[in-house]
Amino acid sequence: MIDLFTKYLEEDAKSDNTIKGYIQSVFGFLTWFDQSKDVAFKKLHRENVREYISFLKTVKNSKPKTINTKLNALVKFNEFLIETKVQEEMVLTKKDYVKVQQQYASLAKVEFKDVEKFRQMILDSENKRNYAIVSLLSYAGLRISEALNLKMNDFNIISREILVQDGKGSKTRTVFMNDKVKTALQSWLKEREKQGIENEFIFVSNRNKRLDRTTVNKLFNEYSQKLGKEITPHDLRHFFCSHAIKCGLSVHEVANQAGHSNIYTTLLYTNPSKNDLINKMNQL
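Following my numbering, the numbering of the sequence shown begins with 916 at its first residue and continues without gaps.
Please note: incorrect hints may appear among the correct ones.
Using C-beta positions, here's what the derived DEER-type ranges look like [stated by the list, open to error]:
{"id": "1", "residue 1": "D949", "residue 2": "D927", "range": "44 to 52 angstroms"}
{"id": "2", "residue 1": "P979", "residue 2": "K952", "range": "24 to 32 angstroms"}
{"id": "3", "residue 1": "Q1002", "residue 2": "D1039", "range": "26 to 34 angstroms"}
{"id": "4", "residue 1": "L1038", "residue 2": "G1163", "range": "25 to 33 angstroms"}
{"id": "5", "residue 1": "T933", "residue 2": "K1014", "range": "20 to 28 angstroms"}
{"id": "6", "residue 1": "P1187", "residue 2": "K1109", "range": "41 to 49 angstroms"}
{"id": "7", "residue 1": "I1073", "residue 2": "D1039", "range": "27 to 35 angstroms"}
Derived DSSO-like pairs (lysine-lysine); straight-line CA-CA distance at most 30 angstroms [to be verified]:
{"id": "8", "residue 1": "K1024", "residue 2": "K1097"}
{"id": "9", "residue 1": "K952", "residue 2": "K935"}
{"id": "10", "residue 1": "K1097", "residue 2": "K1032"}
{"id": "11", "residue 1": "K1032", "residue 2": "K1124"}
{"id": "12", "residue 1": "K935", "residue 2": "K1066"}
{"id": "13", "residue 1": "K935", "residue 2": "K1024"}
{"id": "14", "residue 1": "K952", "residue 2": "K1009"}
{"id": "15", "residue 1": "K1014", "residue 2": "K1195"}
{"id": "16", "residue 1": "K1095", "residue 2": "K1189"}
{"id": "17", "residue 1": "K975", "residue 2": "K1032"}
If you're looking for bench data, these hints aren't it; they were derived computationally from the structure. Model, not experiment: these values are computed from the prediction. The beta-carbon is built from N, C-alpha and C at its ideal position, and this holds for glycine as well.
All chains, please: the whole structure from these sequences, using the hints.
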């Protein structure tokens, strides 16, 4: 059934990351069902879903956003079961999602000095490719998947434009590069040429294949340990949004650069940081 569901998602033009997430979530539910019911799964029952939500809350201590991510996959799984005639009715909707308290503090958790130290440590390692990647995430606001999917004809150093063709939701947008991004990219392009690399993707592995996220995650883990503070690719994207607003870019400009489909996502970055909030509270 998982194989058929995977094919269903592929035909629905879901991204690889979305498919992977959906499959993990549905597999988690089916594993719970198998272990707790000890009978073969036949179809989704609302009662089982409600029990599963309770299990995630009380046994797994899952956060609301995590639970909702899993439910989102089950909604899609429910649609798949209806389309394949396994069952006739939807047993859960978005009304079943766990309410999430609205975040007030900014999503950004790393500061300018952290990012600059992180970038410098990677630059000192003499790896121009990695330096270009972290610079793109920090100062152009790209998602890691977008950065790794960039091709050689997707940017123009002279006009300082980058065409992001496979952003979230299969949308295309143009983002602009500042001096830091331009310099880092130029350095990597010179290094590529020196090494005789011929590949349509900008960032390639030592085997001349498109660089994958596993390699990037290892890089971030290694340098996070050296820095003494965890930094993920997505943290750098959060930093970009928060830092850009602090430096005077409008909410709409940041939303366009980051590819936010909902302006309210960008508005979160106009909120003070957690430390700023605590400092203000201490003045009371």
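Hint-by-hint comparison with the structure:
1. D949 / D927: 44 to 52 angstroms: Given about 26 angstroms between the Cβ atoms, the range is violated.
2. P979 / K952: 24 to 32 angstroms: 25 angstroms, holds
3. Q1002 / D1039: 26 to 34 angstroms: 58 angstroms, violated
4. L1038 / G1163: 25 to 33 angstroms: Holds, since L1038 and G1163 (Cβ atoms, about 26 angstroms apart) stay within the stated range.
5. T933 / K1014: 20 to 28 angstroms: 24 angstroms, holds
6. P1187 / K1109: 41 to 49 angstroms: 45 angstroms, holds
7. I1073 / D1039: 27 to 35 angstroms: Since I1073 and D1039 have Cβ atoms about 29 angstroms apart, the given range 27 to 35 angstroms holds.
8. K1024 / K1097: 25 angstroms, holds
9. K952 / K935: 25 angstroms, holds
10. K1097 / K1032: 19 angstroms, holds
11. K1032 / K1124: 29 angstroms, holds
12. K935 / K1066: 23 angstroms, holds
13. K935 / K1024: 27 angstroms, holds
14. K952 / K1009: 25 angstroms, holds
15. K1014 / K1195: With Cα atoms ~28 angstroms apart, K1014 and K1195 stay inside 30 angstroms; holds.
16. K1095 / K1189: OK: K1095 and K1189 at ~27 angstroms, within 30 angstroms.
17. K975 / K1032: 36 angstroms, violated
The structure does not agree with the numbered hints 1, 3 and 17 stated previously, though it agrees with the rest.
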